[in-house]
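S.K.: Chains as they are written, first to last, in this note's numbering: chain H, 1 to 455; chain E, 1 to 787; chain V, 1 to 80; chain C, 1 to 200.
Keep in mind the hints are simulated off the structure, nothing from the lab. Take these hints with a grain of salt, some might be off.
Unchecked claim - Covered by chain C, according to a simulated footprint, are these stretches of chain H (three or more residues, beta-carbon under 8 Å):
#: 1; stretch: 155-169
#: 2; stretch: 354-368
As the list claims (entries may be wrong) - Some chain E residues well away from chain V (every beta-carbon gap over 10 Å; in silico):
#: 3; residue: T181
#: 4; residue: H187
#: 5; residue: H198
#: 6; residue: R205
#: 7; residue: T280
#: 8; residue: P323
#: 9; residue: E559
#: 10; residue: H564
#: 11; residue: D567
#: 12; residue: F677
#: 13; residue: F684
#: 14; residue: S726
#: 15; residue: N742
#: 16; residue: G761
#: 17; residue: L763
#: 18; residue: V767
In this text the structure is predicted, and so the values were computed from the model without any measurement. Here a beta-carbon is modelled for each residue, glycine too, at the ideal position from N, C-alpha and C.
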Amino acid sequence: MFLTLASQSVPELLDYFAPQWLQDTASEGWQYVGAALVHMALLFGVFSLCPFFLIWLERKVAGRIQDRLGPTRVGGRFGWLQSLADGIKLIQKEDLCPPAADSMLFNAAPYIVCMSSFAAFIVLPFSEGWVAVAADCGLFIMLAIMSLEVFGIILAGYSSASKWSLFGGMREAAQMVSYEIPMAICALIPVVAAGSLNLGEIGDMQSGGIQNWFLFHDPFTFIAFFVYFVVATASCKRAPFDLAEAESELVGGFHTEYSGMRWSFFFMGEYASMFAVCGIASILFLGGWNTGLQGIDEILSTMRAGDNAGSYLAGVLGVGIFAAKAAIGVFIQVWLRWTVPRIRIDQVITVCLKYLVPISCFLFLGAIVWPLILHKGLGDRTTWNEPLGERVAEAIEGGRTVTTVLERDERPGQSDAHSPDHGPDADSKDEDEDSVSATQFDHSLTLYPAEEVSR
Amino acid sequence: MVGETLIPTLLTIAWLLPLLGFAVEMLYGRKGERTTTKWPAWCAVACIGTGFLCSLIALLTWGQATGWAVLESHDLHGPDQHHSEDDPHHHGDSPKHQASTNESGWQMTALTATENSDDAEHVPFPSVYSGTLYTLGVFGSLVVSIDYYIDSLTLVMFTMVTLIATCIHLFAMGYMSDELTNEYVDHFAHTSDGKHVHRPGRFYRFFAYMSLFCFSMLGLVLAGNIFQVFVFWELVGICSYLLIGFYTERKSAGDAANKAFIMNRIGDFGFLIGLMVVWTWFGTFQFSELFDSLPRDATGHIVTNDLGEVAVSTHSGESRSIPYSLLVVAGLGVFAGCIGKSAQFPLQTWLPDAMEGPTPVSALVHSATMVAAGVYLVGRFYPMFVPEVLLTIAYIGAITLFLAATIAVVATDIKRVLAYSTISQLGYMMLGLGVFGWAAGLFHLITHAFFKSLMFLCSGSVIHGCHHEQEMPKMGGLMRKMPITAGTMLIGVIAISGLAVPGLIAFSGYHSKDAIVATALAFIQANPAHFLLFLLPLLTAGITAFYMFRLWFYTFFGEPRDQHIYDHAHESPWIMTAPLLVLAVFAAGCAIGGEKGMLYMMLLGSEPVHVANGVPAATVGELVLPGHSAIHDVHAKAGMWALLAAISGTLLAYVLYGTKTVNLSDMKRQLAGIHQFLSEKWYFDELYHALFMKPVHQVAALFAWIDRTMIDRVVHASAGLMVKISKWDRFFDETFVDGLVNLIARATFSSGILLKAVQTGRLRQYVMFIVVGVVALFAVLFTTFPN
Amino acid sequence: MATKRNAIGILMGVELVLNGANVNLVAFSHYTTLGIDGQIYSLFVIVLAAAEAAVALAIALNFYNNHLTIDVDRANRLKG
Amino acid sequence: MNGDSLFFTLFAFMACLGAVAVVVSQRMVRMAFWLIISLGSTAALFFLIDADFLGAAQLLIYVGGTLVLLVFAVMLTSSGPYLNIETSPGEIVMAAMLGLLFLFMVVSSQTGIDWNGTNQQMAAANGMTGEISTFDSGSEGNTLRTIGMSLLGLRPDRGAAETGQLHTGYLLPFEIVSVHLLVVLIGAAYLARAKRRRDT
């Protein structure tokens, strides 16, 4: 699956970005490397901007909440280049490492945090089909990757050889291990309603009006959204759950000893993961890239179906809507941070284990039972036999499951050259043949093709 | 048909409610608290009262479902039957008649249509509901299940039992109210230092037992197979044991309970034998299957082959020949159980002793439940009784009724008089059943239940009013103090004595006793050799009237004999008198119409078919069993005889006890021998003591002597021998066996010490061992199986 | 596993070993006719490894509480 | 060299490197770090081989769960900073020799087996003509649904479409593992509960 990235997006990107000589001369592998590098650069470029914007946003919001102006100077009236200025400052600062620290871990920790936050975007769709990897278990992968973040923070806290940091790391470990449970369960509730872990599919299902959003799917998803938002806030260690940092008690918590760019990596990671969890929330509950207005949604989907500038425009619009929804979520998190006082660590754990976990378990059970009740009570086609039932039947028949990836493949604009072979004749290709073109990549990876065995 | 499901359901509810009540009453409340609340009593009353309502509704439903065909068909019964009896051609040649008699010897189908009047004539029981409520277990071909078998007899019994039990429950609430305390003082029980026993009241327990008792009795009545009957039979026994021994602190109560229980065991042993015979030869316990299987010819005789065996087809389709004697054994065995339960000669001695229980218990035991169970079973099992057994039943009944009546004449304890009268009346019932008066016997069972429960409750009221004084010679003139009790008692006494103005007014006892005496007369007319079977009941009818009026005069009439008791006597509270009034109404009126009345007709509806026509003499038994027509012929004559006897007995009693013309103590002196003989109850207890207990004691003493002198000596000698052997054995053990074991142990130990070195306690080494082991394994694998 | 005296280190070794086995399972099932059996087996292995880790860590904590160290060489009470 | 083999080489190397570093490193938390590298690379290998669900599970359970637990335990049980319990060099040499022996065994068995023939035998025994994998996860996209249904007792990858017959799946093992997990977690919670430390 990892290479869906390469097989789908990279060739296009190569077409756009890679010089012709590279396409001609380099072997396939190096082309992939090149594509991956370009991707990484793009991703990092785009999502570094995201924290920059969000940090600026936070400072402005904080200022407004506290009846101040916030940054005003750098870059015009609203100080919108303040983050850039900060970034330049941080890059210039000396990279300090305490003598008692375990230098290797100390140096590696920010990268783990940052990497796990950003890697989560691999499977996050921004609009219909606008996703790096349209994995079937996209949500699962996303949660998995984001769970790596905590490890970096623990390492940072531990390797700093400072009691503040250690406290921060310990708290973070306790908090994260606890909050992952309700977060995963709450994220699974709309999955139960949708019958899919594929974020793209989940988003698609909610097109055609606000009533289709999973937020309003049933009472359990409605409650689950709020629980999820609280838990997500906690898992981003945002106030009032920012026990790992807790400036007033622990100086800086796990990043007390950090400075300069490494310090800023933590924050980039934090803001990126804020955006990521809010993005998940918007896809799972709030209709993703769908506007929520029936007519407009229909127009947009018609536009998407075509193969012209219109479809591209619809995609861009979808990104805008999605980003706006996620940004509103981030805004609320910021708002919360400057409004609600921090709670104690024991309260944090109590809230999670005594309240949120049982609530989310109840919601999960309810979401499972709900369609059954509807089905029994109304005898109607519900989610029970509509998406899930059909898919199961299809899969039992051995038919291919319909995914957005494959749908996109069959669009006429992206020629056959871009899509992998699905047919049985694909098996006959020999892997060792050099003639396999860069765009034709056989994923079946059969070691022993039919002729060889029959020979 | 609505009745098919509704009636069993209602009766099952009525049956199970008391069990529920029992459970609730036993478990109710905290200690201390439950001894002082009337709640359990109300619970019990509610249970049995609801049961009564259910039974009543079931009865009405049954009537509705069958269109009261019972009553109508029997309206034709007497004259028509008579006519058909007179015409043997009609009788013998009617194929329809034969077919219906043979096939439906005891009709078991759920419902037999009675629209056809011809059928209605010969099949007088319009409907029988039978089925299975729950199958307890299947052991091979033996099916043990809870069945129900509902015909009009069952329904009448159910209604009667629940009604009487409800009245008794209500009465008991008043009677037992002095138990409503935490500190009950039992004046008849003493501790070892001579003080009265103090104990917490057992009000709730009494009602729990009563509920269980009712449950058992109702289960027995509802039972659809003989095994189930046996189970509830024993339950009734245990309940009576518990209730008779209710005042456990009194030795007499404990002894009486034991006596009742043991006496019943003797009878039940016979019952078990009967059960075994039935199971072995018929292969089923179900009434509905059993009664089908015995073949009878058109005249009602059981068909036997040349060898004197009865060919039956068991329910499983198998044909069998049963020796006729085994049928006799089965019948006698089951009847033995009835002897025990219904206190017939020779097992009658337990019943008077059972007076040790509280009076409501006596009322229940003596009227509706325990003793009625025996009679009911005889009636229920009737189709299986062959003439020889019936004759036995009749004689046992005759002996019993005479015996008990004579003892009752001299008894002075008010409850004992009633107890002996109960035995006597039970004898009447048995006699009635024995002389082929099926309906007459059961008729008397029902009427007797009403007036006997009435009289017992009256006596309970008297005892309650006189502060637990039971000796009649200390009473007298109580009519003025307790008029309701006296009046209702008088109704009961008239009823039991059979006094009546024929054609004008007649209480229930007159009708039923009349029926029995008439049957007996018809019987001895057909079989003159057995004339005693008529003479004894006739004589006893007089004696009955005598001792009953003696009781009444003693107690209520004349001048008070003990002024102290008289002064403190008082009428009982309404909760005790109300049941008396209700029962008095029933005692007087339940048999209205006599043999044309509703009750009798209902009973007649369940009569086995072969009874109605009577059985002429056959080669085997040479016993003629009279049919309805024969009885009808002599009815008027027998009724006159019986009424004369009763009136003379009443007059004698009035002369002796009502007026003061005769000096009673003089008379007692003059007849001292007879008086002694009677008041010692014909020396039955002494006889049993001499016959059974003494020999047992002596044999036991002999065995004890043998034990002590011979067996103990042998045991001691062998013990000494064993000690010697074990000493030697110990030596062997210690040297050889232990040596071997120690050797092995030492070897194990030293090898363990050697192996211990491998256990270094270091995990890493263990891991290395594992790796080495795996590598070695693979090396072996590769070298053994190269490719 | 064989070089660590620290109980948790040993546990890490165990995890590594199981992980190696997982790689084998998945690879072999992918390149043979086994379909997804290998993946499911390794899924079970992962789950059981997590369970085992939980218990082992609990034991290690207990051990630490009792001996104030986590050196498994100190756990030699049963030494022969 | 194509993209697959390139990434395979990269991640395989990282996995091996991480594993060796775990063995060599003496500091517990560093070991944990290297273990992450190794396990994460393994997860990447799983992604490469189209076992994306497995890879995600590996990441979530091992890296996100088990290792955090491990580090937690390290912190709870360390009596000083950077806990370091040295092993004697002799033992390390012994272990290294044994490890090499084991490696030799694995490598020799890998080279010693006729994979091609074995596979053909297996295919023949399963009644297949030589098609290697009836469920082509590469072209069918993902394994998620297949695994899920296998755990529920269906085997769509085993040619249910052709025969119309469902193969037995892994429902029972799944249930057993679930119950086992529950029992183990309860047991672990009981073992690790706060107790008064015994004064020794």
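S.K.: Are the hints correct? Go through all of them and say.
M.R.: Status of each hint after checking the structure:
{"no.": "1", "hint": "155-169", "verdict": "holds (count 6)"}
{"no.": "2", "hint": "354-368", "verdict": "violated (count 0)"}
{"no.": "3", "hint": "T181", "verdict": "holds, 61 Å"}
{"no.": "4", "hint": "H187", "verdict": "holds, 71 Å"}
{"no.": "5", "hint": "H198", "verdict": "holds, 61 Å"}
{"no.": "6", "hint": "R205", "verdict": "holds, 56 Å"}
{"no.": "7", "hint": "T280", "verdict": "holds, 62 Å"}
{"no.": "8", "hint": "P323", "verdict": "holds, 73 Å"}
{"no.": "9", "hint": "E559", "verdict": "holds, 96 Å"}
{"no.": "10", "hint": "H564", "verdict": "holds, 85 Å"}
{"no.": "11", "hint": "D567", "verdict": "holds, 87 Å"}
{"no.": "12", "hint": "F677", "verdict": "holds, 91 Å"}
{"no.": "13", "hint": "F684", "verdict": "holds, 80 Å"}
{"no.": "14", "hint": "S726", "verdict": "holds, 41 Å"}
{"no.": "15", "hint": "N742", "verdict": "holds, 22 Å"}
{"no.": "16", "hint": "G761", "verdict": "violated, 3 Å"}
{"no.": "17", "hint": "L763", "verdict": "violated, 5 Å"}
{"no.": "18", "hint": "V767", "verdict": "violated, 5 Å"}
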